[in-house]
Every structure is written in C-alpha cells, then in structure tokens.
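What follows is the residue order along each chain.
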Amino acid sequence: MNRPQQSSDFGTAIANCRNDFPALKQSVNGHPLTYLDSAASAQQPTVVIDTVARYQREDHANVHRGVHTLSGRATDAYEGARDKLCKFVNATSRTEIVLTSGTTEAINLVAQSFCRPRFGPGDQILITHLEHHSNIVPWQIVCEQTGAELVVAPIDDAGQIELEALFEMMQGKVRLLAIGHVSNALGTINPLRQIIEQAHQHDIPVLVDGAQGVPHLRVDVQELGCDFYAFSAHKMFGPTGSGVLFGREALLEEMPPYQGGGDMILEVSFDGTIFNELPHKFEAGTPNISGVIGHGAAVDYLQAIGMQDIHDHETALHDYMVSELGKIDGIRLIGTAENQASVQSFMLNDIHPHDLGTILDQQGVAIRTGHHCAMPVMERLGLPGTARASLALYNNSADIDRLTEALEKARRIFG
Amino acid sequence: MNRPQQSSDFGTAIANCRNDFPALKQSVNGHPLTYLDSAASAQQPTVVIDTVARYQREDHANVHRGVHTLSGRATDAYEGARDKLCKFVNATSRTEIVLTSGTTEAINLVAQSFCRPRFGPGDQILITHLEHHSNIVPWQIVCEQTGAELVVAPIDDAGQIELEALFEMMQGKVRLLAIGHVSNALGTINPLRQIIEQAHQHDIPVLVDGAQGVPHLRVDVQELGCDFYAFSAHKMFGPTGSGVLFGREALLEEMPPYQGGGDMILEVSFDGTIFNELPHKFEAGTPNISGVIGHGAAVDYLQAIGMQDIHDHETALHDYMVSELGKIDGIRLIGTAENQASVQSFMLNDIHPHDLGTILDQQGVAIRTGHHCAMPVMERLGLPGTARASLALYNNSADIDRLTEALEKARRIFG
Amino acid sequence: MTHDVTQDAELQDLYRELILDHARSPRNFGRLNNPTHAAEGINPLCGDKLKLYLKIDADERVHEICFEGSGCAISVASASLLTETVASLTVTEAEAVIESVTTRLTHGSAVIKNEKLYALDGVRKYPMRVKCATLAWHALHAALSSQNTTATTE
Amino acid sequence: MTHDVTQDAELQDLYRELILDHARSPRNFGRLNNPTHAAEGINPLCGDKLKLYLKIDADERVHEICFEGSGCAISVASASLLTETVASLTVTEAEAVIESVTTRLTHGSAVIKNEKLYALDGVRKYPMRVKCATLAWHALHAALSSQNTTATTE
Ligand SMILES: Cc1ncc(COP(=O)(O)O)c(C=O)c1O
Ligand SMILES: Cc1ncc(COP(=O)(O)O)c(C=O)c1O
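Protein chains in written order, with numbering that gives the first Met the number 0: chain R, 0 to 414; chain B, 0 to 414; chain F, 0 to 153; chain C, 0 to 153.
Calculated directly from the structure, the hints in this document are not laboratory data. Errors might be hidden in some of the hints.
Here are some chain B residues pointing at chain F (derived, C-beta under 10 angstroms) [what the hints assert, rightly or not]:
#1 352
#2 383
#3 411
Derived pair list, reagent style DSS-like, types lysine-lysine, alpha-carbon separation capped at 30 angstroms [stated by the list, open to error]:
#4 R/86 x F/124
#5 F/50 x F/115
#6 B/83 x B/326
#7 F/124 x R/83
#8 B/24 x F/112
Positions of the beta carbon are idealized from the N, C-alpha and C atoms, including for glycine.
Let's have the full structure, built from the sequences with the hints guiding it.
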C-alpha cells in the first residue's frame with residue numbers, strides 16, 4: 000500500500016486543513032504531536048476558537064430575554080447556530096433541534112422524557128453489544144425505574160452486529176431501539192438504513208447515538224429515517240459542553256419537559272405552569288451560548304471542506320494505517336468490520352494497552368487505551384482493553400508512520 | 000450623594016478592572032456601551048477568554064480517560080478548576096463539588112435525585128415568592144411526579160421574605176427548603192444564616208439558589224450551613240454552560256445518579272453497573288472541559304480583586320444609582336429591601352419596561368426588561384414586568400450617569 | 000450632537016404620535032361576552048399578553064372585535080390599530096390584511112391598504128420589537144383559524 | 000538523535016528489567032480459598048483490576064498473601080512486589096510499608112526498607128501512571144482495614 004498523497008488525491012481544502020489546527024503544531028515530549036485520539040475528543044480549528052473568543056469579546060449577553068443590542072446579537076448567533084445544525088443533519092425544521100450539553104444528556108433526555116412516562120414491565124428497550132456506556136447506562140437506569148427490560152443484540156468477532164439476531168429480537172415487545180451510528184471502540188459503521196427500516200416495520204422508534212457518526216459521515220436524518228439522533232460538538236471539532244438531540248417533532252411534542260427552569264416556560268404561576276414551544280420546552284436555563292455558537296462554526300468548517308472529501312481522505316488513510324500496522328510483528332487488529340470508519344483498535348503482543356499508551360506518548364503519539372467506555376465490547380472480545388488510534392480530517396500519512404515507528408520501539412522495550 | 004470616586008475609595012485592582020473587559024470598550028448604537036445587565040449574564044475578563052482559547056490551542060483532549068500528555072494536562076486543568084471552586088465556596092472537600100451545566104441543571108439534579116426517590120403525598124417542598132423560575136419549575140415538576148406539595152412563603156411590598164410566615168410554614172411536613180441567596184428581580188439579599196438555622200431545627204435540608212450570590216458576595220457554604228448551593232459560571236464572569244452543585248457529602252452519597260453515561264461508572268455490564276465515586280457519580284459524559292477551566296479562571300480573577308472590595312464598590316455604586324434615579328420625575332423603585340445587592344428594578348411613569356429598554360438601548364444603555372424569569376414576583380407586585388439595572392464590579396458612576404440621562408430622554412419621548 | 004439628533008429622529012419614528020396615542024388610549028379595549036372566535040397572544044420576552052375577541056356571523060364578516068391585556072406601546076398600539084382595521088371586514092379580507100402587515104413588518108415590502116398601518120413601519124429598524132408589532136396579528140390569525148390555542152412570538 | 004536516547008533511557012527507567020520480569024511472571028499469583036482479608040482494586044482509567052487475598056492469624060501477621068486479576072505491567076509488577084514484601088510482616092509493619100511506598104510514589108521522598116521496591120521509582124516521572132503503581136497498595140490498605148469495599152484510584 001502506498002502512502003496516500005494528500006495534496007493530489009484530495010481537494011486542497013483537506014490537504015491544507017491540518018494548518019487550521021493550532022494544537023497540532025506543538026511538540027509533546029520532544030516530538031511533533033501525533034494526535035490519534037480524535038474519537039475521544041477532536042481538536043478545534045482556529046476559526047472555532049476565534050469565533051468563540053470574538054463572541055465573548057464583542058457580543059455576549061444572555062439570549063432570548065433581552066431587548067438590548069448585545070442580547071439581540073447573542074440570540075441571533077445562538078439561534079443561527081441552531082439553523083446550521085438543522086441543515087447539517089437535514090432535519091425538517093429547527094423545532095426538531097434540541098440543544099443539549101452533549102450526546103450523553105441527549106440520550107438521558109429521551110430515556111427520561113420519552114421512555115420513563117410510558118414504559119413499564121413487559122416492555123423492552125433494545126440496544127446492541129457494541130454501544131458506548133452513554134447508550135447503555137441511561138437505559139439501565141430507566142429500566143430500573145419502570146420495570147422495562149433491556150435486551151442486547153449480539154455482535155460477531157469482527158465487531159459487527161448480528162443482524163438476524165437483531166431482527167429476531169424486534170419481534171418481542173421492543174418499544175425503542177437505541178443504536179450507535181459508528182462504534183467508538185471498533186469503528187464499525189452500522190447499516191442503519193436497513194436496521195431502521197426493519198424497526199419501523201415493527202413500529203419501533205429508533206434512537207441513533209451519532210457521537211461518532213458526525214465527524215466522519217454525511218448525516219441525513221430524513222434519509223436515515225431515525226426518530227432521534229444524538230451528537231456532541233466536541234467530537235466534530237467544536238467546543239465541549241454542547242450537543243444536539245434531533246427528534247421528530249411529533250415525538251418531541253408528546254414528551255414532557257426534561258428539566259425545569261428559565262426559558263422553557265411561557266408562563267409560571269403557582270397554580271400551574273405553561274411550557275414553551277419546541278424546541279425551547281427542552282432547554283431549561285441559560286444555555287451554553289458560546290459553545291453552541293462554536294458548534295455552529297464547526298459545522299461551517301466541515302461543510303466548507305465537504306463531508307465526502309473528509310470521508311474519502313479518512314478511508315484512504317485508514318487503509319494505509321491498517322496495511323502499515325499489518326507489517327508490525329505481533330500486531331492484532333481488533334475490529335475488522337467490512338464497513339469501518341477511521342477508528343482502529345489493536346493489541347501488540349501481550350503488552351497491556353496502558354503500557355503501550357505510555358510508550359507511545361513518550362514519543363509524541365497520543366492514542367487512547369483502555370475500555371473506551373465500552374466495557375461490554377471488551378468483555379465480549381475477552382480483552383482488558385485495547386489501544387485505539389482514531390483518525391480525523393487533519394491526520395496524514397506521516398502520523399501513521401510515527402505511530403508505527405513508536406510501536407516498533409514498544410516491541411523492542413517489551414522484547 | 001456624591002459620585003463614588005473609584006480610584007480613591009477602593010483598591011486599584013477594582014478601579015482599573017473595567018479595562019479587563021473587552022466587551023465594555025465597544026460602542027453600541029453610536030454610544031459607549033453602558034452594560035447594566037450583568038444579572039442576566041456577566042461579561043468576561045480577557046484572562047477568562049484567553050485561558051479558554053489557550054486551553055483549546057494547546058491542551059485540549061478528553062479528560063479522565065487518557066494516558067497521553069494532552070489528556071493529562073486537560074484532566075489536571077479541569078480537576079484543578081474543581082479545586083478552585085471548592086475553595087471559592089469553602090466546601091469541605093472536592094467530592095462535594097459536582098460540576099453541572101449551570102444553576103438550573105444543579106437544581107433539577109437535586110429535584111430528581113434527592114426529592115423524587117423519597118418524597119410522596121403529604122410531603123412539602125418549601126420555596127418563597129421571590130424565586131427565579133429555575134428555583135420553582137423543577138419543584139413543580141417533582142411535586143407532580145411524586146404527589147408532594149409545593150408551598151410558597153410570602154414576601155412583603157419591599158420584596159423581602161416574610162420571615163415569620165416562612166418559619167411558621169416550617170412547622171408543616173416540609174422536607175426541603177429551596178431559597179435564593181439574592182433575588183435576581185429585586186436584589187433582595189435573604190438572611191440565609193438565620194433561615195437555615197431555623198430550617199435545621201426542623202431537620203429541613205436547605206438548597207440555596209446562589210446564581211446571584213456568587214457575583215456579589217463572599218460565599219462560605221460551611222458558614223451558611225446550607226446543604227446544597229447551586230451557581231452558574233456565566234453570572235460570575237465565566238463561560239456559559241458551566242455551573243456547580245455543592246452538596247454535603249453525606250447527602251450526595253445517598254442520592255442515586257442523575258444521568259447515566261461515560262465517566263460516571265466504574266464498571267458496566269449488562270448484569271449491572273457500578274457507579275463511580277463522588278463527585279463523578281453525578282457527571283455523566285464528556286463534561287464542558289473548557290467551560291469549567293474558564294470558570295476556574297473566573298474564580299482566580301475574582302479572588303485577586305477580593306469579594307469584599309467588590310461588595311464595597313457595588314454597594315457605593317448602588318447607593319449612587321438609587322439616589323440619582325430618585326431625582327428623575329416619575330421613577331418608582333421596585334425592590335427596596337433593607338439588605339440589597341446591586342440589582343435595581345424600577346418603573347418610569349406608565350412607560351412599559353419594554354419600551355424603556357428600546358429607548359435606552361438606542362443610547363447604548365443595556366438594561367433588562369420584563370419578568371426576569373420571576374413571574375410570581377411580578378404578579379405579587381401587580382406589574383407586567385420591570386426595567387432592571389444590575390451592576391457588577393466593572394461598572395462605574397459614568398454608567399449611572401448615562402442611565403439617568405437616557406431615562407430623561409425616554410420621559411421626554413413619552414412626554 | 001448631530002448623532003443624537005438622528006437617534007432622536009429614529010426613536011420618534013418608532014414612537015410616532017399615532018402609536019403613542021393608540022398606546023395611551025387603545026380603541027376597542029375590553030371584552031366581548033359571547034365571542035364566536037377568540038385567541039390569546041403571548042410574548043414571553045417582554046410579558047406582552049393580549050386577548051382578542053371576535054363576533055363573526057354566518058356572513059363570514061367581523062361584526063364585533065375587541066381586545067384586552069397589557070403590553071408595551073408597540074403591541075398595544077398595534078392591537079388597537081388592528082381592531083380598527085379589521086372591524087367589518089370579511090374573514091378573507093382580514094386574512095389578507097394579516098398577510099400584508101406581517102410581511103411588511105418582517106420583509107418590508109408588501110403594500111397595505113389601510114394607510115394608518117404604516118405608522119408601524121418604524122418598528123422595522125428594531126428587529127427585537129417586530130414581534131411586539133406582529134403579536135396581535137398572529138393572535139388574530141389564530142382566532143380566525145379557530146385554533147383556540149395561544150399564539151406566541153417564539 | 001541524542002534526544003531519542005534520553006527518552007529510551009527514561010522509558011527503560013520505567014520499564015526496568017525487574018518490573019518487566021514481575022509483570023511477565025507475577026509472584027504469588029492466584030487465589031486463596033479461605034482468606035481472612037480480601038479487597039479489590041479497580042483503576043477505571045485503564046481497566047486494571049486486582050484482587051488481593053490474605054490470611055492473617057491471631058498473631059496479627061500476614062501468613063499467606065496472593066493476588067489475581069489483570070492490569071498493565073506497572074500495576075501487576077507492583078502487586079507482585081507487594082506480595083513478596085508483605086508476606087510474613089505484621090499488620091502494623093505492612094501498614095508502614097504501604098505508607099512509605101505510596102508517599103514515595105506520590106511525593107517522592109520517603110525511604111523504603113525493601114530495596115526492591117525502588118524499582119517502582121521510574122513511575123514518578125509519569126504522573127498518569129502513579130495510580131497504576133499504587134493500586135495494589137491501596138487495595139492492601141483496604142483489606143487490612145477490613146473495609147471490604149473496592150478501592151479505586153479515582
Ligand atoms: C436567581 C437565579 N436563579 C437561577 C438562575 C438560573 O441560572 P442559569 O440560567 O445559569 O441556569 C438565574 C439566572 O438566570 C438566577 O438569576
Ligand atoms: C459512540 C459514543 N456515544 C456516546 C458518547 C458520549 O458523548 P459525550 O461524552 O460527548 O456525551 C461517545 C463519546 O464519548 C461516543 O463515542
């Protein structure tokens with residue numbers, strides 16, 4: 000496998016985009032930083048950092064409630080970001096874009112506002128063995144609260160959901176399917192359209208945990224047909240503390256508010272309170288205004304490059320990584336799904352991933368090691384954890400080369 | 000009343016601090032900005048803006064889960080901010096500092112994790128007529144869910160809680176008192192120590208909504224004796240999307256987690272999940288890392304100036320404002336508590352506050368108008384809303400002068 | 000101080016005499032006893048709250064209309080002007096006026112038959128106040144559509 | 000490449016032969032049938048999970064000790080070294096060793112009687128790995144205190 004030639008293979012936007020990320024220009028432990036941990040949290044381009052800082056320096060005030068100029072500017076910027084996010088996932092209407100603190104809160108919101116009031120003993124919530132803790136624990140909690148049952152579709156050794164088993168389980172009393180778009184531990188891209196179609200044939204609404212979908216794939220919630228789609232800004236080059244729950248209007252309408260507070264009400268009196276309209280009904284208190292505005296800037300950034308170019312770049316780079324890793328004695332790839340995003344888990348001999356992480360870090364290579372908040376995946380594969388290199392639009396083949404060099408050194412140390 | 004002479008009356012730190020706030024250097028509608036809306040959201044000093052931007056440019060990665068250098072730096076900065084916040088309110092231990100998205104989420108957390116599992120019909124939650132919607136609606140929701148009853152202590156015409164009535168109501172079956180530190184609508188500072196002492200004599204735990212306490216007063220949760228204290232970064236010159244729930248360890252220990260997800264667990268399996276220790280049990284998912292770090296920088300900033308100096312400065316300025324407003328024909332002060340923070344509501348003749356807001360904004364003066372998310376206060380006082388000028392450490396007497404000039408013009412227009 | 004003069008002029012363009020007059024002495028202010036149509040408009044931002052009452056007979060014509068509630072000068076004046084304008088129009092005609100007024104306020108182009116309503120034009124320079132001016136008109140639309148729900152400006 | 004040489008040296012300081020040896024062939028690895036004391040140590044960061052089993056008789060002396068579980072080289076080696084060190088000490092002596100080891104690893108000053116344990120010193124340059132080295136010691140402390148709870152590094 001040849002090194003992918005960034006500048007010729009792909010648009011110049013993506014070839015040059017690494018320069019947009021100031022964090023990548025630093026040295027760590029005396030080596031140029033090789034950041035291969037974007038699946039945990041991505042770096043931000045200057046334009047996002049600057050948009051947030053400029054907002055703070057020039058336009059900040061509380062939103063929605065003010066008649067003065069700054070409040071107007073802040074509200075326009077904040078609601079403008081909602082519009083961008085609406086287009087980004089192609090929702091039908093901005094009322095379907097609920098702004099949350101992240102994927103985790105978005106999923107908890109659905110567990111508490113959608114499931115808790117209507118599920119009970121005999122009902123089932125269906126997930127898969129591939130899920131991140133944030134797409135497991137909220138359902139465990141609501142099952143505990145309601146008496147509903149959590150059922151889990153199995154995965155195969157490559158890290159793919161066993162579709163027949165999944166479809167079989169839909170025959171039961173499943174009242175919600177919650178499933179990831181892309182596995183953060185193994186990179187598997189799930190065949191969502193097929194799965195959602197099947198679920199809908201059984202009238203099962205589907206929540207997609209899109210935390211790892213948005214950085215890699217063009218997401219179109221109408222094309223997917225999903226009922227909820229949750230994602231975080233910080234995985235897509237935006238700030239921490241901001242995320243989105245897309246929900247179909249008809250479902251959101253029926254759901255009671257999640258939290259109470261300012262902004263989510265039309266009228267408060269001690270006799271009773273009238274809740275605000277969508278999406279504000281679900282947004283209690285002062286929101287993360289600067290975070291949401293930064294999230295909007297990240298959307299602009301991604302769309303200027305183009306999700307297709309990003310995907311092509313990452314696919315080529317992932318292929319290169321897999322081939323280079325394959326040349327290292329004792330490497331074992333974990334997660335070998337046919338359809339995989341640029342997230343790769345692996346083991347090197349019997350070196351514990353945590354030790355690998357330290358040795359690589361000493362050479363400026365940042366990977367994630369451990370269970371990746373997906374303990375059931377690890378348990379299923381009989382591993383204490385893995386080493387994981389995750390690629391984003393700003394990585395290049397030199398990053399891969401430094402990774403493999405560093406792994407060779409680890410092999411030498413552990414002899 | 001003479002103009003307070005900032006530079007002589009107070010330490011130079013506070014005299015010069017206005018320069019630290021870039022937002023205040025701009026013109027709005029052709030006039031120098033006069034920002035009198037800090038109670039809604041405060042401006043940020045350069046050091047907070049820069050701390051956040053530098054973090055993003057140099058140190059960002061996900062926290063807690065990583066073995067590499069950036070993750071270590073991010074975790075140290077994030078947990079370091081928790082330590083600062085712990086000291087800021089003088090909590091006994093950092094395990095008592097739960098990081099939330101803001102005051103509103105902190106209060107909802109207590110409603111859902113403390114009240115919901117243990118309250119039922121016959122139990123009462125006691126609040127006051129002075130509360131912000133964020134300290135009303137979460138209790139209405141949990142009362143609806145559990146059958147508990149929300150009871151409301153009255154206020155007098157000056158905007159002060161009627162203490163006798165409040166103490167009387169404690170005789171009942173009150174199982175929680177939730178009360179503001181400082182009223183955002185009227186500025187009233189509640190005599191918390193006395194109230195909390197009384198409540199504790201009846202074994203009633205007390206939650207303090209401290210959103211408006213932290214920017215103006217030195218807060219010492221041990222001295223106050225409160226059981227919970229909630230506040231937001233953005234009201235104290237930090238970023239949006241970050242806040243704190245202080246809770247006494249013994250109470251937090253007993254409470255089930257609020258949200259499920261990454262970071263709040265020790266071990267996840269489909270047979271059962273072991274939750275993490277305090278405070279992580281209550282922090283699900285990737286937190287608002289940059290927001291929390293910015294919050295920590297805001298604490299440093301405030302402490303370098305000193306809460307006592309801030310309080311003295313604001314008191315002098317508030318006195319000046321009250322006296323200058325008093326010279327305007329037709330001004331009626333709303334909220335005249337004996338003990339008042341630098342937050343002042345008022346009416347001018349029968350001009351609707353919203354019209355006042357527009358006319359002042361046209362002259363660069365940013366005030367808040369409306370119900371201030373405290374509709375019950377407005378209803379109690381028989382007003383559709385008020386105009387509110389709120390002062391922070393960066394305001395000066397020139398701001399007050401521009402306010403009164405602008406009000407004179409409003410009077411002329413509405414003739 | 001040329002500056003201040005311009006601004007005074009702008010503010011006076013917003014708070015024209017006609018607006019101030021209607022705000023101070025709203026026409027058709029009060030409550031109908033047996034309305035055939037009614038709707039409420041709420042602007043949570045500033046606490047404006049208006050109720051519109053209409054009597055529309057079989058001829059599909061507005062025979063009586065009045066409003067009550069409280070709000071800023073712009074929203075009250077707008078509601079007051081609305082009642083004057085719509086009284087005795089047919090439902091179809093009324094819908095056409097709603098359409099042209101709201102379009103004019105938000106996009107600034109539509110022509111309005113009733114010239115008095117141009118008094119609201121000053122609002123267009125104040126995006127945050129447009130909602131005040133349109134509130135009554137949204138409520139009227141809700142009332143005519145027999146959506147007996149509350150109209151809000153959010 | 001002097002640079003790389005230093006770093007190699009540093010890494011080799013962390014992964015000393017003794018550490019690698021104990022990690023590869025942990026001593027006293029296994030399970031006790033009827034332990035008088037036991038505790039679990041979990042490091043959620045990297046998934047280290049150790050169980051310590053002890054037999055302490057009336058003489059307040061550690062008669063048997065072993066551990067099982069999985070973890071990184073540092074945590075396994077540390078646990079292995081721990082079992083060697085603590086075997087046949089009194090409870091009081093064991094507590095003193097725990098104290099000096101954890102102090103040395105976190106503050107870097109305390110003197111340790113058993114020289115082998117200095118092999119853990121390399122960890123001190125890696126703050127994120129100190130928790131791995133101390134995990135077994137925290138678990139031992141928990142076991143001795145008969146706090147039969149789980150010790151974590153958080
Ligand atoms: C007294 C009071 N309580 C609670 C809140 C809610 O704070 P936040 O919107 O930051 O959650 C506010 C501010 O909006 C407030 O002024
Ligand atoms: C697949 C997946 N789901 C959910 C989450 C949770 O996202 P967050 O921590 O931003 O709430 C993550 C990332 O941590 C993830 O990778």
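Enumerated hints in conflict with the structure, sorted upward: 6, 8
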